[in-house]
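Those sequence lines, one after another, are chains A and B. Heads up: the first sequence is residues 2 to 252, going by our numbering. Heads up: the second sequence is residues 2 to 252, going by our numbering.
No lab work stands behind these hints: they were computed from the structure. Incorrect hints may appear among the rest.
Pairwise CB distance ranges, derived in the manner of DEER restraints [unchecked claim]: (1) A/ALA84 <-> B/SER15: 37 to 43 Å; (2) B/GLY44 <-> A/TRP45: 47 to 53 Å; (3) A/TRP135 <-> B/SER47: 48 to 54 Å; (4) A/GLY37 <-> B/GLY153: 45 to 51 Å; (5) B/GLY146 <-> A/LEU95: 51 to 57 Å; (6) A/TRP154 <-> B/GLY153: 29 to 35 Å; (7) A/GLU221 <-> B/SER10: 19 to 25 Å; (8) A/GLY41 <-> B/PHE142: 51 to 57 Å; (9) A/GLY41 <-> B/SER10: 54 to 60 Å; (10) A/ALA12 <-> B/LEU49: 52 to 58 Å; (11) A/GLY37 <-> B/LEU49: 38 to 44 Å; (12) A/LYS80 <-> B/TYR155: 36 to 42 Å; (13) A/LYS156 <-> B/PHE142: 29 to 35 Å.
All values reported here derive from a predicted model rather than from experimental measurement. The beta-carbon is built from N, C-alpha and C at its ideal position, and this holds for glycine as well.
Number of protein chains: 2
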Amino acid sequence: MDGAPPPPSPAGLSAYVAVSQALGLALLAATGAWLGRYRGGVGWHSPLQLNAHPLCMVLAMVFLQGDALLVCVFRHEAKRSKALHGLLHGLALLMALVGIIAVFESHRAKGIPDMYSLHSWCGMATFVLYLLQWFLGCGFFLFPGASFSLRGWYKPHHIFFGITLFILSITSCLLGITEMLLFKISDSYSHFVPEGILANTLGVLLVAFGLVVGYVLTREEWRRPPLAEELALSMDFKTLTEGESPGGGSQ
Amino acid sequence: MDGAPPPPSPAGLSAYVAVSQALGLALLAATGAWLGRYRGGVGWHSPLQLNAHPLCMVLAMVFLQGDALLVCVFRHEAKRSKALHGLLHGLALLMALVGIIAVFESHRAKGIPDMYSLHSWCGMATFVLYLLQWFLGCGFFLFPGASFSLRGWYKPHHIFFGITLFILSITSCLLGITEMLLFKISDSYSHFVPEGILANTLGVLLVAFGLVVGYVLTREEWRRPPLAEELALSMDFKTLTEGESPGGGSQ
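In isolation and in its complexed conformation, chain A is listed as follows (with noise of 0.2 Å):
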């Protein structure tokens, strides 16, 4: 069943992807030449190990993870598709992981309290929800212990926390920025300096990046339609349903 052609996609979503694509990278190297050009670098074990935390959360819990959101309106087979899904939100899990070190230890070295602003709040919230909807995801869809209609019930859960989560990590990034811009050059950023102008800017393109994955998730004529193997279990499942249906004792 996995051998069969997968259905076209449909016109203007290619167009789309690739202007999220553009965006997304713009936005990282927006966030590269912030830190690059006016934060001094990125380090470890550094006075420079904060800026890691801006660098691994975009990375991480806007590009891959909106990336990896994309994948599932493609037209690929559903494996390939299922397994690109879990390895471009692995690698934002890890990321992220990196990124939270990154913060916590820059406090720790300088000694600033942990976890009194919104930004954080906020932050280590998305990525704790983010963690669990990691396990539930892999919990009822990459191992078969699930029963069909488990799954059928928690998948539109998880594509509304997905979405939801998406757009909290874009709201804890721009957070972040305002954090940092108003902790760093409170001073110059009312008279329009550069940097200011700069990481506006970057907040910008993430809004413009999360505006254009989630025209692209939502939109009702490009959801895809379910696969071969999707509607074959689907049907199995009708099957064994109306099968248990008037015993009606089973469950």
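With chain A held as given, fit chain B onto it using these hints.
Here is chain B on its own, set in the frame of chain A:
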């Protein structure tokens, strides 16, 4: 046709809407408590005019806008639903305008430059797009000039950008909270002072309100089925287009 009883609301919807309203009232109370207890209250043509900005924006662009979106899921007759949707958005627009005037006048009085921060960029972009969405919504759905096919094409875009603008509004509020805290209590914020915890909690309430409203709006089974008058219109439209298509030259 207006006299026909609306279909019943699905089970569970009312509970979620009740939770959203409790969260909405809680976030308004938290905003009032923050401004009243820690920021000296709200005024006009006084040093307290700046505080009118967060009060108006949270009330208008989060609470009223969120409720204007929720109205669309409820099972009213089409005319009542449309009127309430328009009324709440109209109130939100007016109140947001007052909030924007408050911040510009307050900046002018204190000699603070406008529009340099990421909060101001996101907030102003959100308001301008909200205004555009408002005019487009009126143009397509309120005035009788738009054809049924144009309305059918625009509706999913109106819904997507409606939810997007609601999310952007919440994001802008979170950026505003972070900005205000770092301007006012940057020295004590990291010591977990009550004002910081209260304002962070307001941020969490804003996210929770957005989450519940977003869940209600996007849950597949809770989508409002087409109303009798909408079905009649689409039947008319079908008859019209099927009647027109053989000729085909009139457009």
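List in ascending order the numbers of the hints, as given earlier, that are violated by the structure. Hints that this structure does not satisfy do not exist here, as all of them hold.
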